[in-house]
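**Q** Go ahead and model the full structure; you've got the sequences and the hints to work with.
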Amino acid sequence: MGGVAVVDARGLGKQYERTCALHGVDLRVEAGEVRGLLGANGAGKTTLLRILLGLVRPDAGRVELFGRPLSSGDPGALAAVAGFVEEPSFYPYLSGRVNLELLAELDGGGPPARIDDALARVGLAHRARDRVSGYSTGMRQRLGIAACLLRAPRLLLLDEPTSGLDPAGVREVQALVRELAAGGVAVVLSSHQIGEVEDVCDSYTVLRRGEVAWDGAAGELRAQAPASAYRLATSDDARALAVAEGVPGVTAVASGDGALAVSAQLGGLDELVLALGSRGVAVRRLELLVSPLEAMFFALTSEQPAAGAGEPRAAEVSTR
Amino acid sequence: MSITVAARGVPASTASRAGGVRHVYRVERRKLAAQTAIRLLALVCALGPFLFVGILKIQSGSPSDTLYGVWVHSSGFAVSLVLLAFAGSWGLPLIAGIVAGDVFSSEDRYGTWKTVLTRGAGRRELFLGKLLAAVTFVVALVALTAACSLLAGVLVVGDQRLVSLSGTLFGAGHALALVVAAWAWCLVPTLAFTGLAVLLSVATRNGIVGVIGPGLATLVMQLLILVGTGVWAHQLLVAGAFGAWRPLLRAQPYYGPMLAGLGVSALWCAGCLSAAWLILRRRDVAGAPVARRQGWLVAVRTVAVLGALVALFAVAGNWGRAGVTAGRLEATLTPEFNNLTILQQQELGRPVPPGAKLNILPGCSRRGSTPSGPGDWVCTMNVIVPQAGAVPFQQTPVTYDVSVQPDGCFKAQSPPAFIGQQLMRDAAGHDVVNPLYTIYGCLNVLR
Numbered sequence: 001m002g003g004v005a006v007v008d009a010r011g012l013g014k015q016y017e018r019t020c021a022l023h024g025v026d027l028r029v030e031a032g033e034v035r036g037l038l039g040a041n042g043a044g045k046t047t048l049l050r051i052l053l054g055l056v057r058p059d060a061g062r063v064e065l066f067g068r069p070l071s072s073g074d075p076g077a078l079a080a081v082a083g084f085v086e087e088p089s090f091y092p093y094l095s096g097r098v099n100l101e102l103l104a105e106l107d108g109g110g111p112p113a114r115i116d117d118a119l120a121r122v123g124l125a126h127r128a129r130d131r132v133s134g135y136s137t138g139m140r141q142r143l144g145i146a147a148c149l150l151r152a153p154r155l156l157l158l159d160e161p162t163s164g165l166d167p168a169g170v171r172e173v174q175a176l177v178r179e180l181a182a183g184g185v186a187v188v189l190s191s192h193q194i195g196e197v198e199d200v201c202d203s204y205t206v207l208r209r210g211e212v213a214w215d216g217a218a219g220e221l222r223a224q225a226p227a228s229a230y231r232l233a234t235s236d237d238a239r240a241l242a243v244a245e246g247v248p249g250v251t252a253v254a255s256g257d258g259a260l261a262v263s264a265q266l267g268g269l270d271e272l273v274l275a276l277g278s279r280g281v282a283v284r285r286l287e288l289l290v291s292p293l294e295a296m297f298f299a300l301t302s303e304q305p306a307a308g309a310g311e312p313r314a315a316e317v318s319t320r
Numbered sequence: 321m322s323i324t325v326a327a328r329g330v331p332a333s334t335a336s337r338a339g340g341v342r343h344v345y346r347v348e349r350r351k352l353a354a355q356t357a358i359r360l361l362a363l364v365c366a367l368g369p370f371l372f373v374g375i376l377k378i379q380s381g382s383p384s385d386t387l388y389g390v391w392v393h394s395s396g397f398a399v400s401l402v403l404l405a406f407a408g409s410w411g412l413p414l415i416a417g418i419v420a421g422d423v424f425s426s427e428d429r430y431g432t433w434k435t436v437l438t439r440g441a442g443r444r445e446l447f448l449g450k451l452l453a454a455v456t457f458v459v460a461l462v463a464l465t466a467a468c469s470l471l472a473g474v475l476v477v478g479d480q481r482l483v484s485l486s487g488t489l490f491g492a493g494h495a496l497a498l499v500v501a502a503w504a505w506c507l508v509p510t511l512a513f514t515g516l517a518v519l520l521s522v523a524t525r526n527g528i529v530g531v532i533g534p535g536l537a538t539l540v541m542q543l544l545i546l547v548g549t550g551v552w553a554h555q556l557l558v559a560g561a562f563g564a565w566r567p568l569l570r571a572q573p574y575y576g577p578m579l580a581g582l583g584v585s586a587l588w589c590a591g592c593l594s595a596a597w598l599i600l601r602r603r604d605v606a607g608a609p610v611a612r613r614q615g616w617l618v619a620v621r622t623v624a625v626l627g628a629l630v631a632l633f634a635v636a637g638n639w640g641r642a643g644v645t646a647g648r649l650e651a652t653l654t655p656e657f658n659n660l661t662i663l664q665q666q667e668l669g670r671p672v673p674p675g676a677k678l679n680i681l682p683g684c685s686r687r688g689s690t691p692s693g694p695g696d697w698v699c700t701m702n703v704i705v706p707q708a709g710a711v712p713f714q715q716t717p718v719t720y721d722v723s724v725q726p727d728g729c730f731k732a733q734s735p736p737a738f739i740g741q742q743l744m745r746d747a748a749g750h751d752v753v754n755p756l757y758t759i760y761g762c763l764n765v766l767r
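Residue numbers (our numbering), protein chains in the order written: chain A, 1 to 320; chain B, 321 to 767.
Simulated from the structure, these hints should not be mistaken for lab results.
Here the structure is a predicted model, which means the values were calculated and not measured.
Stretch by stretch, here's where chain A covers chain B in the computed footprint (C-beta under 8 Å, at least three residues): (1) 343-352; (2) 429-436.
The calculated EDC-like cross-link candidates involving lysine to aspartate or glutamate, where the alpha carbons are at most 20 Å apart (straight line), are: (3) B:Lys434 x A:Glu87; (4) B:Lys377 x B:Asp479; (5) B:Lys434 x A:Glu86; (6) B:Lys377 x B:Asp751; (7) B:Lys434 x A:Glu101; (8) B:Lys731 x B:Asp385; (9) B:Lys731 x B:Glu650; (10) B:Lys731 x B:Asp696; (11) B:Lys351 x A:Glu101; (12) B:Lys351 x B:Asp428; (13) B:Lys677 x B:Glu667; (14) B:Lys351 x A:Asp130; (15) B:Lys434 x B:Asp604; (16) B:Lys677 x B:Glu650; (17) B:Lys731 x B:Asp721.
The beta-carbon is built from N, C-alpha and C at its ideal position, and this holds for glycine as well.
**A** Here it is, written out as structure tokens:
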């Protein structure tokens, strides 16, 4: 990719006493890109976001934002950056609106209409005058996103932004992120559940124990993903097992709970269902247990020792 | 509705201005004004003096142990000065603690450091903005207390003349100026305690420690000031500076205590704020939590250092010369006794020639083993009155029990058998305070 990257981090390292939070992490994010930062709890996602927000200095490596080195002496690099780490925090004795007014003042002030716009965008306009102490976790998440929008950022860093949101709220946040990205804003979303971000991310960086376990475009990750896992309940499991043996690319075993555990790509699964119908075996229930991306994510972030930091690890998770 | 996305190119210069001290100051001012504790404190500062005067009004007694306490029914200015003496003991450090003791630790409590530090303001701007906002509120609350105490005193008691600490009278305008100056002076040590509150707030990240810390420190310092007879170690204790205004109320004021208090307060302020800034600058506000063991270690070390400092001051309290001596006490009390006797005679309607001077032979001695230093003294004013006859003069002894404080200010009281009751009837038939019943004064221990 050409041009100046919004984020260009090389060889980042951070040590907390005896714990290595990050080691040799590279990250490059372009304008308009939505990057998923994935990893299990403690993988180093939040530490990486803290570094990008200028809250923590890395022990090793360097970060450039918009082509400018991120250092404590240069506030310019962070001028177009907004975001939050962990849960967004506010003054509980003040209303949501006053909290935003104060944060806007810290950014140099601005027209009050911006605050109303931001509150409306996250669906908090009707509760804007209530004290934050009465907000739910989801409402605080929304307020956190509104606070970010006030800065009109060109880089948005969000730490598990859908945490605590209801399904409708998750969809709204995803739509908002896509809209911002369409306007050229680079977005980094962290999550420990790939299912929450797979509909919105263009690319992923998967962290495991402070190191990059996988890095690339969403399409590449899908291409390297293993077969999905399904739970199949039929009218005759014994015959269904026999039928499955004859379908290429499909593996089926009795799961012990009155159903079969089936591993297959989508095409193979279609063939199996058709074959079962033609042999007189009724399909009573078919559930997706683990999506391909989730299976990939679990494999990448499992606690098995890494073969080499920063290398694609698709081979490790291939089941076929 | 839409979101405006910033134009290409990072506005570095705008960014450095965006979260400047001025913006942080505005934010902190709004935050402080919205806090219930601050609003309650403002209410107490405004209504407290009126409540105090109201209580005084419905009871006949007076807080005579406090400087000017015996005059609270005679002049509204004395009411304000008594309130200032009380406030200096614990009230003003408490105001400093409530306002500044939670300004920084509240960010830790609410987890908002990472919120504010990811906006346009850096740590330096946040530190200065918060400090300025705290100072603004402290000054405003002290000014409110001063104004309300003056208003309550003048409205309820009146703007009568004020007896000086030399036994002379100040007119209403002069008294008003002196009372305002006294309150204004007390801002100096109060700001030093504001610095201490800021340090405690930053260092401990605990609002309770920050709020009550300055009050506790005042208490410890006041106890230390009571220990020992020396002068110099006491000057280093900033709580002592709260009383440095009292020599202003003399006919010939001296300014040594105020100069010393100014220097010590400046040192305290600079030391506390420098330490607070160093701690805040190095703090990892978003990193791993501090290990529990390490936290205890810091607390134990801090307590050990503070304990050693208290012990050092307790020992150092005896270093240097004693500022309170028999000669100084006699030289201060004698002219004051003279002036107050003349005032008493004038109030009783007896003719006193201008510039009249009594022949007084004073004698002061300290109770206890050491002949000098603060504590309990006995002073006898032998008034020599010429008379006709074989004995050319008559000697009338008036004995006072004098309680002298380490800063040289004292209260002298004589049994009614010598000088009459606390109240006497003046020439107009009104009950007034007998000026000789209780004598307040100050002698310069730094001279």
